[in-house]
Amino acid sequence: MLTNRYNRFAFFGNGKPNKEDLMTIRQATHCQIKQGIMIAALMLALPAGISAAFAADAPALPEDPVAKGLAIAEETDRRNQGFGDTQASMKMILENAYGETSERELRSMTLENEEENEGDWTLNVFDRPRDVDGTALLTYSKILDPDDQWMYLPAVKRVKRISSVNKSGPFMGSEFAFEDFSSQEVGKYSYKWLRDEACPDPVAERTCHVTERYPLYEHSGYTRQVVWTDTQDYQPRKIEFYDRKDKLLKTLTLTEYKLYQDKYWRAHDLYMENHVTGKSTRLTWEDYAFNTGLTEDDFNTNALKRAR
Amino acid sequence: MNNWVVAYAKAVVKLRWIIVLASIAGVMFLASGGRFIEFSNDYRYFFTEQNPNLQAFERLERTYTSPDTLLWVMRPNEGTMTTPERLAIIKEITERAWQTPYSIRVDSLTNYQHTTAENDDLTVRDLVPDPEALDKEDANEVGDIALGEPVIAKRLISEDETTSAVVATLRMPRDDQVATSKVMEYARTLLADMREKHPDIRFELTGSVALSNSFSEAAQNDLKILTPAMYIVLALTVFLLTRSFSGTLATILVVTLSAFGAMGLVMGWLGVKLTPPSAGAPTIILTIAVADSIHVLVTMLVEMRKGRTKHEAIVESLRVNWGPVFLTSVTTAIGFASLNFSDAPPFRDLGNTAAAGALIAWVLSISFLPALIAILPVNAKGAIVRQSEFMERFAETVIGNWRKLLVIMTIVIIAFATLLPRFVFNDRFVTYFDDRMEFRVASDWAAEHLTGIYQISYSLSAGEPGGVSNPEYVAKLEEFADWFRQQPEVVHVSTFSDVMKRINKSMHGDKESYYRVPDEREMAAQFLLLYEMSLPYGLDLNDQINVDKSATKLTLTLTDISTVEMQDLINRADTWLRENAPEHMYSYPAGQAVMFAFIGRNNFDAMTSGTAIALILISGCLMLALRNLKLGLISLIPNLTPPIVAFGILALFTAEVGFWSTFVIATALGLIVDATVHFLSKYRRARFEHGKDAEDSVRYAFSTVGTALWVSTFVLVIGFAILALSPFKVNAMLGLMVALTVACALIIDFLLLPSLLIALDRRKKAANPKLEAASSAPAE
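Read top to bottom, the protein sequences are chains A and B. Counting with our numbering, you get residues 1 to 308 for the letters of the first sequence. Counting with our numbering, you get residues 309 to 1088 for the letters of the second sequence.
By construction, these hints were calculated from the structure, which means they are not laboratory data. These figures come from a predicted structure and were not determined experimentally. Don't take each hint at face value.
Listed below are the simulated BS3-like cross-link pairs for lysine-lysine, each with C-alpha atoms no more than 25 Å apart in a straight line [claimed, not checked]:
{"no.": "1", "chain 1": "B", "residue 1": "444", "chain 2": "B", "residue 2": "462"}
{"no.": "2", "chain 1": "B", "residue 1": "581", "chain 2": "B", "residue 2": "490"}
{"no.": "3", "chain 1": "A", "residue 1": "305", "chain 2": "A", "residue 2": "91"}
{"no.": "4", "chain 1": "B", "residue 1": "490", "chain 2": "B", "residue 2": "505"}
{"no.": "5", "chain 1": "A", "residue 1": "305", "chain 2": "A", "residue 2": "157"}
{"no.": "6", "chain 1": "A", "residue 1": "157", "chain 2": "B", "residue 2": "813"}
{"no.": "7", "chain 1": "B", "residue 1": "505", "chain 2": "A", "residue 2": "245"}
{"no.": "8", "chain 1": "B", "residue 1": "819", "chain 2": "A", "residue 2": "157"}
{"no.": "9", "chain 1": "A", "residue 1": "68", "chain 2": "A", "residue 2": "263"}
{"no.": "10", "chain 1": "B", "residue 1": "1000", "chain 2": "B", "residue 2": "712"}
{"no.": "11", "chain 1": "B", "residue 1": "813", "chain 2": "B", "residue 2": "462"}
{"no.": "12", "chain 1": "B", "residue 1": "532", "chain 2": "B", "residue 2": "490"}
{"no.": "13", "chain 1": "A", "residue 1": "142", "chain 2": "A", "residue 2": "305"}
{"no.": "14", "chain 1": "B", "residue 1": "784", "chain 2": "B", "residue 2": "462"}
{"no.": "15", "chain 1": "A", "residue 1": "157", "chain 2": "B", "residue 2": "809"}
{"no.": "16", "chain 1": "A", "residue 1": "91", "chain 2": "A", "residue 2": "258"}
{"no.": "17", "chain 1": "A", "residue 1": "305", "chain 2": "B", "residue 2": "813"}
{"no.": "18", "chain 1": "B", "residue 1": "490", "chain 2": "A", "residue 2": "245"}
{"no.": "19", "chain 1": "A", "residue 1": "247", "chain 2": "B", "residue 2": "490"}
{"no.": "20", "chain 1": "B", "residue 1": "618", "chain 2": "B", "residue 2": "318"}
{"no.": "21", "chain 1": "B", "residue 1": "1037", "chain 2": "B", "residue 2": "532"}
Pairwise CB distance ranges, derived in the manner of DEER restraints [to be verified]:
{"no.": "22", "chain 1": "B", "residue 1": "882", "chain 2": "A", "residue 2": "275", "range": "33 to 41 Å"}
{"no.": "23", "chain 1": "A", "residue 1": "260", "chain 2": "B", "residue 2": "403", "range": "39 to 47 Å"}
{"no.": "24", "chain 1": "A", "residue 1": "130", "chain 2": "B", "residue 2": "821", "range": "23 to 31 Å"}
Reference listing, derived: stretches of chain B covered by chain A, where coverage requires no fewer than 3 residues with Cβ under 8 Å from a Cβ of chain A [as the list claims (entries may be wrong)]:
{"no.": "25", "stretch": "358 to 372"}
{"no.": "26", "stretch": "406 to 415"}
{"no.": "27", "stretch": "425 to 437"}
{"no.": "28", "stretch": "815 to 829"}
Backbone N, C-alpha and C define an ideal beta-carbon position, used for all residues, glycine too.
Construct the complete structure from the given sequences, taking the supplied hints into account.
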């Protein structure tokens, strides 16, 4: 996969590839995913209007469970490539076992990273609670190294660089860890396909690949995750998180998928349930915008101060 | 009634095979409920759902994280824990502690999230990420840093750096015996590995999960060791008394069936969980059930020796004993049933099981026992007679000295009564277990060298969502924490204000002058957001801040103080909060220690009315049975004074009692009343049916029931004294005190009661025996 990415970006330098080109190159350079991809890529080369219909088509997958697991992850990744940049608003509703709730709101900007061995760049601006209004977090996510992170604190008008290996703690006190919703790069895990079965509700009529993935990052909070990936659109429907003693800790259910740009699926409702503490967090996305013209200049420490 | 009983008794002899088989089948059915019996090891089971301290505890648990903990505490024989090698041990335990089933958090010296700052770079990392890479100086510095952090100093490392602890927080499923066993098995394996690998370091295991486990281990120990011991004592006593193998066998069968039937009925069919207090039920049932059998057997043997056939003797024995056996069974059952007033459900279960046992024993004693004896061969050549000669001599001594005895006994009782106000409740739950329990040894040792096990927590509201960042709130928290730190009872205070001060310092380039509450609310909130973002899984602040950041948890670790001192501390803190803090911040503390601090008082209040009602009911039964108001009133004295004397004796040794003490009187009352019933009913028969005077009636009572009384008292004392061998001190002290009370009761029945009868009853010396006799139907 990394080879693939390397090749892809080597061809196009820093320019943004359009999706047709991307698929062709990808197909041409990929050695593992065979015929199915080729057909799919050819179809993708047709006018964009058909590409949504294409999404229902499944690529041929290898037999070997490890290769198959990787291929599924790569297919998911492939279908998200080329989105360029997005902006959206996020709302989190935290609930404890007692039924008490609390809300968090932030805006998120993402820039697809074209560098090899690196994840996407994000900038989160916190709106609520009121006390942290204007606080902004810039993350250059990495694959196997600690992310680079800076935070702008308006109360002291300073940017602080955070040096920590930890991505596994609760994000704003929620049941989501930063690693749960930071950019999902293929290289962050090793994989194993387990079985195919009916997808979880509310899309039980569909079929899902069930894959196990094992975090490669040393300081991950998990031993493994089990992912239900829809065989039609290759989007995750459910993820189970197993803690360090390999016990089921949390379940994430992703629903309200919407298609953007006729290609990019985004879940708008992410419900994370902690089975150990009985706490839960519902994370909802709103106002997705693609290709808003963000550039690298919008993702540096100076931009952080302006982000409000 | 006699004719009816005789007809019944004859039927029992005739239908003996059917009755034996039917009884066994019936009890087997009850006992088959035993397959549903479950152990409970949840300390919360000692409290009712209405208990306000339990409710506060559960609110705290749901708002923050679970309060269940395990602590591995270690201390080298020589030197400190802060050497590279020993830090590596801490790290190894920390990592293995993460693998403990149900663990959600592990805190140790090595994984403490240490923040450092250089200009605008903030670093958050494990205090000791790699102990092997440290040299001696680095290791020393780790110790210095740790002792500078109030969050961990004196909690995870002692001030002299010789003792350190790894604390796992667990989210245990409620009341799940298997889960606790699994956790303890893992924790003990880890402990054993460490002890083996590092013989120069002492390792111990404590914490609330170890406490829960001790409860179930104590219960199992009682069932495994005390109950069989009780059997041996019973078999020996009954055999020595009756010199009859058949009689002994029959008695053992009766008490066994009673215990199994009652346990199966209450614990199995009614689904009550077995706890350490109710694990004492079989021993108690064996004790109380044997008395009925003894009375029936002894009379039968005496009648056989007089020349009756076995079947005739059985009928006569049932006739004579029908009334007393029924009465004593009912009063015993009432006494135990009054434990239902208790605020501690395990004691309700104990009471109900023992009451059911007493009633089943009664049914079996008048059906199964005579039927079985009718079948088995019985040889009545034993030596029971000599003992009654001794009782007659004893009676003469009492009658000859009744004035002296009356005065001496009255003085003794009043003297003991004056000692009672000394008593205070003390329910430190660690002391529920004696030194034979690993938990007790480990907890005492940990408390001596590092940290106490008694913790109380306050959920302190900031008044509004996000309010925990309000500088006024944090400053008030700090003030409250500082106040606690000045109190001699407090070992450690865990407060959010320390966290906030630490963050503030790190956000200002680690300048010492910024080790204080941040100046502005927004600043504090943003610092906190950044800090929380940098923490790893399991080491977050959710255990001390609630979801909407409107309250924080302040936790005190206390020294080994009594519950009275703890109540006093709580009261002082209450006053401080009312006088110094805003109204929204006011809260009442919660925690295991708080729950047990009030268990004595709550049960005292509940059991006072329970005991009073039991007393009224039992005295009512007595008066009905004696059909004589005067004797009924006199009976109150030997029934009420034994607990006074017993507690008076206890007061000579200690002024502290646990909540078990509130159950002693109710439990003992149903038992001590038996002796009074037997003595007074014989006295009444002699006085009013045979027209004798008070002194002769006392002689008659002594010679007829004296032997049986001291034998049955002996069995009761031994039975409850065996309970005193339990490593669970609640059971042990309850057993000891009931045994002492029953023993005192016999002394009072033999010395004070006759003297009282002679003093109060002698003026009416045989005035009109026929009239008296006509007005009172026979009680037996």
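For each hint, the structure was consulted:
For the given pair, residue 444(B) sits about 22 Å from residue 462(B) by alpha-carbon distance, which is consistent with the 25 Å threshold. Taking the CA atoms of residue 581(B) and residue 490(B), the gap is about 20 Å. The hint holds against a cut of 25 Å. A distance of roughly 22 Å separates the Cα atoms of residue 305(A) and residue 91(A); the hinted pair therefore holds under the 25 Å criterion. Pair hint residue 490(B) plus residue 505(B) holds up; C-alpha atoms about 23 Å apart against a cutoff of 25 Å.
Between residue 305(A) and residue 157(A), the direct Cα distance comes to roughly 8 Å. Compliance with the 25 Å bound is thereby established for this hinted pair. As the CA atoms of residue 157(A) and residue 813(B) are separated by approximately 17 Å, the hinted pair is consistent with the 25 Å bound. Restraint check for residue 505(B) and residue 245(A): satisfied, since their Cα atoms lie roughly 24 Å apart, inside the 25 Å limit. Proposed proximity of residue 819(B) and residue 157(A) is supported: the alpha carbons are some 18 Å apart, at most 25 Å.
A hinted pair counts as satisfied when its Cα atoms are at most 25 Å apart, and residue 68(A) with residue 263(A) qualifies at roughly 23 Å. Simply put, residue 1000(B) and residue 712(B) have alpha-carbon atoms about 23 Å apart, close enough for the 25 Å limit, and the pair holds. Under the criterion of a C-alpha separation no larger than 25 Å, the hint pairing residue 813(B) with residue 462(B) is consistent with the structure, at around 22 Å. The hinted pair formed by residue 532(B) and residue 490(B) meets the criterion: a straight-line CA distance of about 21 Å does not exceed 25 Å.
A threshold of 25 Å between alpha carbons decides the hint, and for residue 142(A) with residue 305(A) the separation of about 23 Å falls inside it, so the pair holds. This hinted pair checks out: residue 784(B) and residue 462(B) have alpha carbons roughly 23 Å apart, not beyond 25 Å. Under the criterion of a C-alpha separation no larger than 25 Å, the hint pairing residue 157(A) with residue 809(B) is consistent with the structure, at around 20 Å. Under the criterion of a C-alpha separation no larger than 25 Å, the hint pairing residue 91(A) with residue 258(A) is consistent with the structure, at around 17 Å.
Only pairs whose Cα atoms come within 25 Å are accepted, and residue 305(A) paired with residue 813(B) is accepted, the gap being roughly 22 Å. With a C-alpha separation of about 14 Å, the suggested pairing of residue 490(B) with residue 245(A) holds against the 25 Å cut-off. Our distance criterion of 25 Å between C-alpha atoms is met by residue 247(A) and residue 490(B), whose separation comes to about 14 Å. With a CA separation close to 12 Å, the supplied pair residue 618(B) and residue 318(B) stays within the 25 Å bound.
Taking the CA atoms of residue 1037(B) and residue 532(B), the gap is near 17 Å; set against the 25 Å cutoff, the hint holds. Our hint of 33 to 41 Å for residue 882(B) and residue 275(A) holds, since their Cβ atoms are close to 38 Å apart. The hint said 39 to 47 Å for the Cβ distance between residue 260(A) and residue 403(B), and at roughly 44 Å that hint holds. At about 29 Å, the beta-carbon gap between residue 130(A) and residue 821(B) stays in the expected band of 23 to 31 Å.
Interface restraint, the stretch 358 to 372 of chain B with chain A: holds (3 residues with C-beta to C-beta distance below 8 Å; minimum three). With a cut-off of 8 Å between beta carbons, the stretch 406 to 415 of chain B has 7 residues touching chain A; three or more are needed, and the interface restraint holds. For the stretch 425 to 437 of chain B, the proposed coverage by chain A is satisfied: 6 residues have a C-beta within less than 8 Å of a C-beta in that chain, meeting the threshold of three. Interface restraint, the stretch 815 to 829 of chain B with chain A: holds (3 residues with C-beta to C-beta distance below 8 Å; minimum three).
The structure agrees with every numbered hint stated previously.
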